[in-house]
Every structure is written in structure tokens, then in C-alpha cells.
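Just so you know, we're using this note's numbering here: the sequence shown kicks off at 1 and counts up by one.
Hints are not guaranteed to be accurate.
[Stated by the list, open to error] With a straight-line cut-off of 35 Å between C-alpha atoms, the simulated DSBU-like cross-links for lysine-lysine are:
#, residue 1, residue 2
1, Lys76, Lys65
2, Lys110, Lys161
3, Lys161, Lys65
4, Lys76, Lys161
5, Lys76, Lys110
6, Lys110, Lys65
[Claimed, not checked] Pairwise CB distance ranges (calculated):
#, residue 1, residue 2, range
7, Asp68, Met13, 19 to 27 Å
8, Thr100, Leu24, 19 to 27 Å
9, Leu153, Leu79, 41 to 49 Å
10, Leu21, Thr125, 31 to 39 Å
11, Trp44, Ile111, 42 to 50 Å
12, Leu24, Asp139, 48 to 56 Å
13, Val48, Ile111, 41 to 49 Å
14, Glu72, Arg123, 16 to 24 Å
15, Trp94, Gly118, 13 to 21 Å
16, Lys65, Gln141, 48 to 56 Å
17, Gly45, Arg86, 43 to 51 Å
18, Lys65, Thr113, 43 to 51 Å
Hints are computed from structural coordinates only; laboratory data are not their basis.
Note that the coordinates shown come from a computational prediction; the quantities given were computed from them, not determined experimentally.
Glycine included, every Cβ here is placed at the ideal spot set by N, Cα and C.
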Amino acid sequence: FSALRVTCLTYFMLPTTRALLFLLIAAPIMALGVWLPFMEWIAWGYAVFVLAMMYFDWRLAGDIKQFDLTREHDTKLSLGAENPIRVSLRNRAWRGVSFTVRDEPPELFKIETRTLEGHVPGRGTWESIYHVRPLRRGDYQFGDLTLRWLSPLGLVLRQAKVNSKGP
1 FSALRVTCLT YFMLPTTRAL LFLLIAAPIM ALGVWLPFME WIAWGYAVFV LAMMYFDWRL
61 AGDIKQFDLT REHDTKLSLG AENPIRVSLR NRAWRGVSFT VRDEPPELFK IETRTLEGHV
121 PGRGTWESIY HVRPLRRGDY QFGDLTLRWL SPLGLVLRQA KVNSKGP
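Input sequences plus hints: build the corresponding full structure.
Here is the structure:
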């Protein structure tokens, strides 16, 4: 088996639909500012509060260092056969996390899925297997893995792209 431990390349934050809906509540309050000028200030205060909560939630979500993300597969993949690819995620934090992992197998492979979703409990491990089928002979290399995990309040998704260049 070829086991691969990955290191972080980049990460960023994505607002969820929940966060955007909370921000949209400020619009009608601001519209009331046409008739009641103090409502505009209330709307701005509310918007700043929601943005602060998004930042706080982003910080609570932790960073990529709380996870160990691995991909395992045979060193030689069989041509025209379904080859299992095992992806596992270990969570070192105390809080469970819902997440999505996107793998980038070589372009010339027939694959079941690029995206795996799940929930890993606090101090727990999650594993999943998907299959690839090489269509041509040759040396291929898998691309990076992208991990997105949901923050505790559900206001943001943190995302980290991890480098999977192996041995």
C-alpha cells in the first residue's frame, strides 16, 4: 500500500447559506431607515454583529492542524480494474465535525466520485473507500485533497487545500 500524509497548502473561509440569510435580515431594517433614521444605525450594528459572529465561528472551527488526512492505495494500480482508494480523516479536536473531502485523481481515470462527505466525531476517525479505473498504461500521480469543514455555529465553512505529493 502507498499511504500518503498530506501537508497544508492554502486555506480560506466560505460563508454558509445560514450566514448570508442572517446578513440579509439587515436589508429590510435598513429600508426602514428611510422613514425612521435610527433604524439605519440599528441595521449597520446588526450587520457588524453578524460579521463578528462569523469571525468568531471561523476561529472556533479550528484549523487544518486538528486533522490528519490520508489517502491510501496500491503502489501499482491495475489497468481496466476497479482499484480501491481509501481516504481517512482523523480529528484530534474534542468536537465532532461535518466535512467534505474532494480528491483529485488523475484525469485519465474513470472514477465513482471526487467528493466524499461525512461526520467525524471528536477524537475519532472517519474512513471511506471509492474506486478508480485507469484507462491507459502509464505513470500517474494523484492531485491535492481539499477539505471543507463546518464551523460550530454553522455560519462558515473552513477550507484547506492540502498538498499530496507523495514519495
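These are the hints, each one checked on the structure:
1. Annotation: proposed proximity of Lys76 to Lys65 holds, straight-line Cα distance about 30 Å (limit 35 Å).
2. The hinted pair formed by Lys110 and Lys161 meets the criterion: a straight-line CA distance of about 23 Å does not exceed 35 Å.
3. Taking the CA atoms of Lys161 and Lys65, the gap is near 12 Å; set against the 35 Å cutoff, the hint holds.
4. For the suggested pair Lys76 and Lys161, the alpha carbons sit about 25 Å apart, so the restraint of at most 35 Å is met.
5. Of the supplied pair hints, the one linking Lys76 and Lys110 holds, its CA atoms being roughly 16 Å apart against a limit of 35 Å.
6. The straight-line distance between the Cα atoms of Lys110 and Lys65 is roughly 32 Å, inside the 35 Å bound, and the hint therefore holds.
7. Here the CB-CB span from Asp68 to Met13 is close to 22 Å, well matched to the stated 19 to 27 Å.
8. Against the hinted window of 19 to 27 Å, the Cβ-Cβ separation of Thr100 and Leu24 comes to about 25 Å, which satisfies the hint.
9. One distance hint, 41 to 49 Å for the beta-carbon pair Leu153 and Leu79, holds here, with the actual separation near 48 Å.
10. Distance hint check for Leu21 and Thr125: the Cβ-Cβ separation is about 33 Å, which falls inside the suggested range of 31 to 39 Å.
11. At about 48 Å, the CB distance of Trp44 to Ile111 agrees with the hint of 42 to 50 Å.
12. For the pair Leu24 and Asp139, the beta carbons lie near 50 Å from each other, so the given range of 48 to 56 Å is met.
13. At roughly 44 Å, the beta carbons of Val48 and Ile111 sit within the given window of 41 to 49 Å.
14. A hinted range of 16 to 24 Å holds for the C-beta pair Glu72 and Arg123, which are about 21 Å apart.
15. Checked against the hint of 13 to 21 Å, the pair Trp94 and Gly118 passes, with Cβ atoms roughly 18 Å apart.
16. A hinted range of 48 to 56 Å for the beta carbons of Lys65 and Gln141 is inconsistent with their spacing of about 25 Å.
17. Judged by the Cβ atoms, the range 43 to 51 Å given for Gly45 and Arg86 holds: they are separated by roughly 49 Å.
18. Our hint of 43 to 51 Å for Lys65 and Thr113 is violated, since their Cβ atoms are close to 27 Å apart.
Hint violations for this structure: numbers 16, 18, all remaining hints satisfied.
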